[in-house]
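In case you want the letters, here they are:
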Amino acid sequence: MKHALVVDDSAVIRKIAKRMLASLNFSVQEAENGAAALNYCRQTMPDVILLDWNMPVMDGMEFFEQLQTMPRRGRAKVVFCTTENEKSKILRVIEAGADEYIMKPFDEHILRLKLQQIGLISAESE
Amino acid sequence: MTKPNSAPKPGMMIQSFDMLSAFLKRTSGLVVTADKLYLVENRLMPIVHREKLSCLNELVSVIEKGTKPALAKEVAQAMTVNETYFFRDKTPFDQLRDIVLPKLIGARSATKTLRIWSAACSTGQEPYSIAMLMDEFANRLSGWRIEIVGTDLSDAILTKARNGAYSQFEIQRGLSTSQLLRHFNQLGNVWQISEKLRSRVSFRALNLLDSYASLGTFDIILCRNVLIYFDVPRKADVLNRLSRALTSDGFLLLGASESVLGITDGLSAHPESRSIYVRREMPTAIRHPPAA
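Top line first, the protein sequences correspond to chains Y and G.
According to this note's numbering, the residues represented by the first sequence are 46 to 171, in order.
According to this note's numbering, the residues represented by the second sequence are 9 to 300, in order.
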């Protein structure tokens with residue numbers, strides 16, 4: 046079973062994302078900001094991180110920059126999942142090295158297709 | 009007088025359902041069984057409300073009278089709109105990239121022409137996905153004439169397809185973010201595919217039950233997740249005519265759950281994929297496409 050970390054300051058989003066990921070056969074942990082996520086990753090590196098951008102304490106971009114200082118081997122794939130939907134901001138995140146980007150609102154189908162694209166779940170016929 | 013209690017679901021009489029079912033089969037080949045009543049309600053109730061009709065039975069009655077052909081056409085189109093998204097099912101596009109296109113690029117090196125047909129393309133995600141895929145081959149296809157044709161029954165749907173503008177939800181289904189950034193322009197909350205790719209795809213209204221003669225022949229035809237809605241005789245008819253619309257060494261791609269087995273002898277599965285079919289007979293010459 047693959048392991049996902051949902052990082053979002055909204056408990057509702059964390060709950061929804063957790064339910065979606067669980068139905069895609071992921072074990073899921075939660076963190077409410079980048080700092081908590083960083084602490085978690087230092088102990089247990091997940092396979093994928095679903096990462097909000099705008100959060101208190103430490104935002105998604107700062108967390109991502111910190112994560113990239115960790116050893117590349119075994120490092121989690123990162124899918125930004127945010128209300129930021131401007132092309133320039135999406136470009137900034139992808140150029141910084143994020144694996145994928147999801148614009149909120151999203152549904153399980155979008156999440157599944159994005160996880161397929163980064164090779165974390167296999168492609169299936171619909 | 010019909011008896012509402014015998015209807016498959018309250019609100020629609022069984023006779024009306026049967027008449028609608030026969031109408032759809034006659035006009036678009038669509039087989040609608042009673043278990044699809046929810047689909048009928050979802051797709052047609054907006055028309056019932058807009059036309060200020062009392063219920064679905066009245067809508068069917070109007071269609072049967074034959075006095076409103078435009079409304080009848082709209083009903084047929086509303087029932088045949090299928091879900092689609094970019095790079096749907098992923099595997100067929102991998103197979104196009106890895107199996108089909110390398111073979112055809114080799115085979116067409118003299119004529120430098122490829123014609124691709126996305127049949128029942130709905131709002132255009134499939135032909136535009138093909139256009140994006142062809143863009144990956146840009147270096148090998150420099151100087152080639154690539155024609156991608158999308159057809160669908162519905163005029164309204166084709167208008168959207170031609171415009172190539174999609175909601176945030178639609179562009180997140182199947183597109184990688186790098187593809188989105190590369191091929192789409194953001195217009196507020198809408199994302200429009202680039203002019204370059206839009207210019208590579210043409211759209212035409214076509215009922216798959218009608219003749220394909222005006223389209224010419226194609227090197228690749230995609231007709232995916234369409235035949236599942238047809239009964240066996242119509243599947244056979246469509247498959248036989250699709251095979252005749254293929255060049256002698258062309259490829260037909262069907263949906264993952266679709267097969268020609270027991271339906272037609274004109275096509276055989278490609279050894280490398282159960283979803284790719286080739287013409288069984290091999291004429292000596294490749295037919296020429298019509299002038300663009």
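Keep in mind that the hints were calculated from the coordinates and are not lab data.
Fair warning: there could be bad hints in the mix.
[Said to hold, decoys possible] Pairs of lysine-lysine residues, derived as DSSO-like cross-links and limited to a Cα-Cα distance of at most 30 Å, are as follows:
| hint | chain 1 | residue 1 | chain 2 | residue 2 |
| --- | --- | --- | --- | --- |
| 1 | Y | 122 | Y | 149 |
| 2 | Y | 60 | G | 73 |
| 3 | G | 98 | Y | 149 |
All figures in this text were calculated on a predicted structure; none of them were measured in a lab.
Hint check results:
| no. | hint | in the structure |
| --- | --- | --- |
| 1 | 122(Y) to 149(Y) | holds (19 Å) |
| 2 | 60(Y) to 73(G) | violated (53 Å) |
| 3 | 98(G) to 149(Y) | holds (23 Å) |
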